[in-house]
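Quick mapping for you: the protein sequence lines, in order, are chains A and B. Numbering-wise (the numbering used here), the first sequence opens with residue 1 and increments by one. Numbering-wise (the numbering used here), the second sequence opens with residue 1 and increments by one.
What the hints contain is simulated information worked out from the structure, not anything from laboratory work. Just so you know, these numbers come straight off a predicted model, no measurement behind them. Where hints are given, some of them may not hold.
Said to hold, decoys possible - Label-pair distances were calculated between CB atoms; the ranges are:
{"hint": "1", "chain 1": "A", "residue 1": "123", "chain 2": "B", "residue 2": "25", "range": "32 to 38 angstroms"}
{"hint": "2", "chain 1": "A", "residue 1": "119", "chain 2": "B", "residue 2": "84", "range": "31 to 37 angstroms"}
{"hint": "3", "chain 1": "B", "residue 1": "178", "chain 2": "A", "residue 2": "240", "range": "38 to 44 angstroms"}
{"hint": "4", "chain 1": "B", "residue 1": "178", "chain 2": "A", "residue 2": "58", "range": "20 to 26 angstroms"}
{"hint": "5", "chain 1": "A", "residue 1": "11", "chain 2": "B", "residue 2": "114", "range": "46 to 52 angstroms"}
{"hint": "6", "chain 1": "A", "residue 1": "58", "chain 2": "B", "residue 2": "86", "range": "48 to 54 angstroms"}
{"hint": "7", "chain 1": "A", "residue 1": "218", "chain 2": "B", "residue 2": "187", "range": "37 to 43 angstroms"}
{"hint": "8", "chain 1": "B", "residue 1": "178", "chain 2": "A", "residue 2": "107", "range": "25 to 31 angstroms"}
{"hint": "9", "chain 1": "A", "residue 1": "82", "chain 2": "B", "residue 2": "84", "range": "17 to 23 angstroms"}
As the list claims (entries may be wrong) - The list that follows gives simulated cross-link-like pairs (lysine-lysine, DSS-like), each with its CA atoms no further than 30 angstroms apart:
{"hint": "10", "chain 1": "B", "residue 1": "35", "chain 2": "A", "residue 2": "100"}
{"hint": "11", "chain 1": "A", "residue 1": "106", "chain 2": "B", "residue 2": "264"}
{"hint": "12", "chain 1": "B", "residue 1": "232", "chain 2": "B", "residue 2": "35"}
{"hint": "13", "chain 1": "B", "residue 1": "232", "chain 2": "A", "residue 2": "87"}
{"hint": "14", "chain 1": "A", "residue 1": "103", "chain 2": "A", "residue 2": "87"}
{"hint": "15", "chain 1": "A", "residue 1": "69", "chain 2": "A", "residue 2": "106"}
{"hint": "16", "chain 1": "A", "residue 1": "73", "chain 2": "A", "residue 2": "103"}
Just so it is clear, CB atoms sit at the ideal spot from N, CA and C, and this is done for glycine as well.
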Amino acid sequence: MGISVEGASKSFGDFQALNDVSIEVPNGSLTALLGPSGSGKSTLLRAIAGLETLDAGRVMIDDEDVSKKPTQKREVGFVFQHYAAFKHMTVFENVGFGLKIRKWDKAKISARVHELLQLVQLDGLADRYPSQLSGGQRQRMALARALAVEPQVLLLDEPFGALDAKVRKDLRTWLRNLHEEMHVTTIFVTHDQEEAMDVAGQLVVMNEGRVEQSGSADDLYDHPANEFVMSFVGEVNRLGDGFVRPHDMDVVLDPDENTEEAMVQRIVALGFEIRVEFVLADGTEVWAQLTRAELQKLELRQGQIVYLRPGKTKSFSGEPSSNGSGASTPRRPPDGDDAEVSAAV
Amino acid sequence: MRPASGRHSRWGLRALGLGYLALLLLAPLVTIFYKTFEHGLAPPLEAITSPDGLHALKLSLLMVAIAVPLNTIFGVGCALLLVRHRRRGSALIDAVINLPFAISPVVIGLSLFLLYGTKGWFGPGLDEAGIKVLFSVPGMVLASIFVSLPFVVRETVPVLQEIGTEQEQAASTLGANAWQTFWRITLPAIRWGVAYGVVLTTARVLGEFGAVSIVSGQISGETETLPLFVEKQFQNFNQAGAFGASVVLALLALATLLAMNVLKRKEDA
């Protein structure tokens with residue numbers, strides 16, 4: 001069941017949440033809507049579910065225009081950031097809610113609910129109330145509830161946003177595995193680029209109510225269409241007109257024609273990764289990502305003068321400039337087609 | 001040093017609070033019970049089992065039976081409108097709903113009197129249709145509804161705001177229509193707010209004196225509710241009767257409160 005949104009616009013008062021947005025989500029894919037808060041990603045997701053009505057544009061699910069259909073007839077599974085657990089119902093009743101609405105008989109509901117609780121590893125907790133569950137458990141219950149009715153599509157609105165880092169990572173892996181088993185077309189919204197890249201087969205990067213770029217994680221990282229995508233998907237340093245990733249900054253002790261003088265300002269050890277902050281002669285602050293071994297070899301210390309050789313520099317004002325060894329012509333230059341998710345899972 | 005003085009001031013505060021409550025709330029209540037049974041059970045029992053007394057009790061319960069369900073339905077609907085479908089004009093509705101709190105019941109009674117009297121706007125028309133509002137049950141019901149109208153709305157609005165819309169939205173994504181969502185999700189989520197509103201409404205209807213007193217004409221055995229009965233017994237120097245009826249009123253109110261507590265406890269268990 002592929003999903004496509006065509007020319008979607010939506011305003012809340014003076015604020016334009018969506019500005020002529022079109023996306024294409026292939027059947028069975030796992031797609032992330034990625035963007036900062038206020039970028040319109042949640043509004044787009046809610047519009048697909050029918051929880052928001054669009055001012056213009058239409059939503060197609062499986063080639064059917066569902067724009068006029070009320071939410072309860074769209075057969076979408078929706079998972080909310082804050083779980084939206086039915087507080088007065090047990091875990092069992094929560095998961096069985098959609099089936100009860102569909103007037104399934106009791107035995108069938110019970111079988112289906114237990115099957116799903118097993119899937120989300122909550123089978124022993126069927127009689128608990130949501131208030132007796134941890135955040136991660138509540139979210140898995142919400143997921144089971146959404147999946148119980150066998151939705152055509154699964155929509156997740158910042159599903160892990162309210163959970164702590166460790167649980168978030170576990171659930172991420174778990175969601176990816178679940179999707180591999182079930183193959184239901186899934187869209188999930190996140191502001192965390194690492195989460196998006198970890199879970200999703202394709203990403204749609206949004207900003208200020210528009211789609212900036214769509215594609216696979218590699219596509220976006222290696223061939224960002226513009227400055228926004230480059231800086232949002234991964235870390236970036238700005239050097240004049242160009243942008244360069246911190247791990248593409250070579251630190252050398254001897255100057256040549258491609259290097260720039262820099263002073264070591266601070267060395268931060270983050271486990272395996274070392275973050276070294278420099279200040280250039282013109283006052284620009286940049287940082288490089290080194291490994292522990294590289295740092296030991298260079299024997300850097302604070303205040304030392306070294307030379308930086310930026311590789312793979314990108315510029316978005318004109319032609320991509322190449323400052324070092326790695327040439328970086330984008331495979332797919334940004335054009336009007338950027339709203340399309342090209343790669344299939 | 002500090003913990004000790006903290007403990008002292010805590011005890012001091014507690015004693016002050018309890019003393020205040022005892023003086024203002026408990027003392028009058030205890031007095032009524034004491035005075036009622038001062039000369040045994042017989043006199044008050046006789047007064048409230050008299051035909052007029054029984055009729056007053058029945059009439060009071062009838063007021064509750066009509067006004068409370070109507071105000072509950074209206075109150076929940078109105079709260080939904082105010083919280084979930086906020087439009088221009090909602091602020092005005094919000095303010096108007098508080099009117100019964102702000103206006104003296106006597107004034108409410110008078111305004112009903114003017115509206116439904118023989119020279120009022122609605123009076124003549126209804127008279128022709130053979131419907132008697134003033135000095136009969138319909139007028140008293142109107143007055144009871146008017147004075148107790150805000151309670152359910154006021155108790156439900158904050159609860160509705162607190163539960164938010166996510167559970168309702170989740171229900172709709174699971175296939176529930178608006179009606180199913182209301183019965184299965186919204187109402188269970190706000191039920192304690194509504195229940196509290198119902199208890200307050202019941203207490204207010206049972207105890208209403210001013211407005212009902214004016215529109216009813218206070219005809220013994222016909223348009224006399226319990227509070228009016230108490231007042232009349234008191235005026236006629238029948239203290240036992242007045243106190244007896246008062247005790248019945250107080251017991252009814254206590255029963256309402258207890259009923260809610262029992263329900264709530266069952267729910268929590």
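Taking the hints in turn, this is what the structure says about them:
1. Between residue 123(A) and residue 25(B), the C-beta spacing of about 52 angstroms breaks the proposed range 32 to 38 angstroms.
2. As the Cβ distance of residue 119(A) to residue 84(B) is approximately 34 angstroms, the hint placing it in 31 to 37 angstroms holds.
3. Against the hinted window of 38 to 44 angstroms, the Cβ-Cβ separation of residue 178(B) and residue 240(A) comes to about 58 angstroms, which falls outside the hint.
4. Under the hint 20 to 26 angstroms, the C-beta atoms of residue 178(B) and residue 58(A), about 23 angstroms apart, fit the expected range.
5. As the Cβ distance of residue 11(A) to residue 114(B) is approximately 49 angstroms, the hint placing it in 46 to 52 angstroms holds.
6. The hinted range of 48 to 54 angstroms is not satisfied by residue 58(A) and residue 86(B), whose Cβ atoms lie roughly 28 angstroms apart.
7. For residue 218(A) and residue 187(B), the hinted distance range of 37 to 43 angstroms is not satisfied, since their beta carbons lie about 51 angstroms from each other.
8. At roughly 29 angstroms, the beta-carbon separation of residue 178(B) and residue 107(A) lies within the given 25 to 31 angstroms, and the hint holds.
9. At roughly 18 angstroms, the beta-carbon separation of residue 82(A) and residue 84(B) lies within the given 17 to 23 angstroms, and the hint holds.
10. As the CA atoms of residue 35(B) and residue 100(A) are separated by approximately 58 angstroms, the hinted pair breaks the 30 angstroms bound.
11. Taking the CA atoms of residue 106(A) and residue 264(B), the gap is near 28 angstroms; set against the 30 angstroms cutoff, the hint holds.
12. Straight-line distance between C-alpha atoms of residue 232(B) and residue 35(B) comes to about 17 angstroms, which keeps the hinted pair within the 30 angstroms bound.
13. Restraint check for residue 232(B) and residue 87(A): not satisfied, since their Cα atoms lie roughly 50 angstroms apart, outside the 30 angstroms limit.
14. For the given pair, residue 103(A) sits about 22 angstroms from residue 87(A) by alpha-carbon distance, which is consistent with the 30 angstroms threshold.
15. Among the hinted pairs, residue 69(A) with residue 106(A) is consistent with the structure: their alpha-carbon atoms are about 29 angstroms apart, no more than 30 angstroms.
16. For the suggested pair residue 73(A) and residue 103(A), the alpha carbons sit about 15 angstroms apart, so the restraint of at most 30 angstroms is met.
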